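Visitor: So for the first sequence, this note's numbering puts the first residue at 1097; every next one is plus one.
Incorrect hints may appear among the rest.
What the hints assert, rightly or not - With a Cα cut of at most 25 Å, we get these calculated SDA-like pairs of lysine to any residue:
1. Lys1331 to Glu1394
2. Lys1356 to Ile1432
3. Lys1356 to Phe1377
4. Lys1331 to Arg1278
5. Lys1101 to Asp1584
6. Lys1331 to Ala1471
7. Lys1101 to Ala1605
8. Lys1356 to Leu1411
9. Lys1331 to Thr1316
10. Lys1215 to Ala1182
11. Lys1215 to Ile1432
12. Lys1331 to Asp1263
13. Lys1301 to Ala1349
14. Lys1215 to Met1167
Unchecked claim - Listed next, with one range per pair, are the computed distances between beta-carbon atoms:
15. Ala1648 to Trp1590: 52 to 60 Å
16. Arg1278 to Asn1188: 28 to 36 Å
17. Asp1223 to Asn1188: 51 to 59 Å
By construction, these hints were calculated from the structure, which means they are not laboratory data. None of the values given here were measured: they were computed from a predicted structure. All residues carry an ideal CB built from backbone N, CA and C; glycine is no exception.
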Amino acid sequence: MRITKLVTRTLRDDPPEAETASHRLMLRAGLIQQVAAGVYAYLPLAWRALLKIEQIVREEMDAAGSQELRMPALQPLELWEQTGRAAAFGDNMFSLEDRRGRPLALAPTHEEVVTNIVKGNVQSYRDLPVILYQMQTKFRDEPRPRAGLVRVREFTMKDAYSFDADDAGLDNSYQAMAQAYRNVFRRCSIPVVMAEADSGAIGGKDSHEFLLPTGAGEDTIITCPGCGYAANAEKAEGLYPVQETPEPLPLEAVSTPGVKTIAGLAEFLGVPESQTLKAVFYAADGEVVFVTIRGDLEVNEVKLKNALHCNDLRLADDDEVAAAGLVAGSASAIGITGLRRIADPSISGGGNFVVGANQADTHYRNANYPRDFDADLIADIALAQPGQRCVRCETALESTRGVEVGHIFKLGTFFSEALGANYLDADGRQQPVTMGCYGIGVSRVLAAAIEQNHDDNGIIFPPPIAPYQVYLVGLNMSDAGVAEAAGDLYDRLWAAGIETLFDDREDAAAGVKFNDADLIGLPLRLVVSPRNLRQGMVEARRRTAPDAAMIALDDVVDAARAMLAVP
RNA sequence: CGGGGUGUAGCGCAGUGGCUAGCGCGCCACGUUCGGGACGUGGAGGUCGGUGGUUCGAAUCCACUCACCCCGACCA
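Please build the complete structure, drawing on both the sequences and the hints.
Guide: Quick look at the structure:
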């Protein structure tokens, strides 16, 4: 491709709206163009890179025994109502009506459709296992798109679905997919962490995310340097110090004027925060629930959502709190009626806690569970935090941010039961198939690869996903000798199968071309110029190398191939 | 959805009630340049996000509205 024909322009300056490196560089290098919030056009350079990423994914999926198919993005909403996921996705699902007023959805994922396909094509245990996958455009009406291709509303996803006879089969499929994922991300130069993850409201047992650790990420990963434990903070568990249970003392009201926070309460009464209990109120699908946890811990809203089996969870607003008869700042589980009460197990270790009294400016000392208050549900709802200890090896946990590029789930039989995808086992009995699902955000992989592989001058494309392998610069293209030699070299490179982008601009200064070469970040830069030509040479520099090498004009194609082969 | 911000030429911005709305980059023509973002001369390009209002007069003031960005709750 000749630059003079390429529909892309590079930007001299950083776009002001772009905060993260990948967003900034993709805009500057002319890879993407925004069409709406969270909706981007992939310009030719990005598209070539995406096709390469897709091909890598395809090769690894095929090698893992999966077969590619293609399902529709446009689906009847009714299908989503059969599994209850229309409600679970809620406003995150784009929906529309056809001309007859029939409700349709733009699919955010494909479990329903793929399960129906398997239902119609798999009858016997002899047909299992099966793994199907597709490259597909997904639509999700995200509340807040951000960071270029990191979080968008229309994106390319590779989604795969496994169907097995039982849990042992699912384990095999899951392991095969996990290995395929490691291969994909290694080939794309994205050093991922595989972390335990929340499986969501529907999800079954195990779930893992593949995350690129980077400050630009949206997820928090809790890791253990001792044993290698890694988990999304949504899922992670941590050990916190548990006090000995003291002799229970009588409940005692104490005046606490103006005290509204745990920190203020602990300071006012001269007790550690771990000697207090925190009360938080949430609206779970509109129902106000009362949540109690030890004062020094934080509520993990994902764990809470799972414990409550609700679709929508948010902090209750002031009106809801007041309507429920709660006194913010001095609320307590003591004497609460008419509300569901959820408590973290941390309330049962230790004792003689300071709690609210449901009266303004008043708290109780010496509250003890279950003597003084009760809960309808005790569940782990604590947010793991760095500094807490690993549940396996008791090393202090660490925390880092990450971009999620892949996610795998063991789904179990939720979908097959809801949609009647059964098979006949060897004993002639009907059984629901056991499913897993596996997603890679293909367009996000491109963003992550750039986030990981760049410097101050621009992108450093990993060769396997670079849109072209060579950036060929013709310096002083109005010089007939240069134009001829560079054009000839361009033809020879393509003839040798080396994908080359040819900067054939006549009017651009050397500096412009070099800066664009660095910005776009192809693996190898070749320079044909009057100066080099007088010596019969071409200059070659890898994007990652500090210095250039001089290559005889006749040897350039072989030399380029050799330089590109070096990992 | 809560909080903060921005909409003026392809891109980045200036313009607080007054004449023909400016600047830089980019673009077109010609000429000079030619190894890390050159220079000269001449040009093209604008419903000032939209609607309504105030006013002799609105990019500028008011109301409503739309879009987009950033920070938080969601996901690949």
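Visitor: Determine for every hint whether it applies to the structure shown.
Guide: Here is how each hint holds up against the structure:
With a C-alpha separation of about 13 Å, the suggested pairing of Lys1331 with Glu1394 holds against the 25 Å cut-off. A hinted pair counts as satisfied when its Cα atoms are at most 25 Å apart, and Lys1356 with Ile1432 qualifies at roughly 19 Å. At roughly 15 Å between alpha-carbon atoms, Lys1356 and Phe1377 fall within 25 Å of each other, so this suggested pair holds. For the proposed pair Lys1331 and Arg1278, the alpha carbon gap of about 21 Å is at most 25 Å, so the pair holds.
Note on Lys1101 and Asp1584: the hinted pairing holds, with a Cα-Cα distance of about 18 Å set against a maximum of 25 Å. Distance restraint check for Lys1331 and Ala1471: the Cα-Cα separation of roughly 23 Å lies within the 25 Å cut-off, and the hinted pair is therefore satisfied. For the hint pairing Lys1101 with Ala1605, the CA-to-CA distance comes to about 18 Å; that is within 25 Å, so the pair holds. With a C-alpha separation of about 17 Å, the suggested pair Lys1356 and Leu1411 falls inside the 25 Å cut-off, and the hint holds.
Among the hinted pairs, Lys1331 with Thr1316 is consistent with the structure: their alpha-carbon atoms are about 10 Å apart, no more than 25 Å. Proximity of Lys1215 to Ala1182 is assessed by CA-CA distance (about 21 Å); at most 25 Å being required, the pair is judged to hold. As the CA atoms of Lys1215 and Ile1432 are separated by approximately 49 Å, the hinted pair breaks the 25 Å bound. Among the hinted pairs, Lys1331 with Asp1263 is consistent with the structure: their alpha-carbon atoms are about 22 Å apart, no more than 25 Å.
Our distance criterion of 25 Å between C-alpha atoms is broken by Lys1301 and Ala1349, whose separation comes to about 45 Å. Only pairs whose Cα atoms come within 25 Å are accepted, and Lys1215 paired with Met1167 is accepted, the gap being roughly 15 Å. Against the hinted window of 52 to 60 Å, the Cβ-Cβ separation of Ala1648 and Trp1590 comes to about 20 Å, which falls outside the hint. Distance hint for Arg1278 and Asn1188: a CB-CB separation of about 29 Å, consistent with the stated range 28 to 36 Å.
Distance hint check: the CB atoms of Asp1223 and Asn1188 are about 34 Å apart, inconsistent with the given range 51 to 59 Å.
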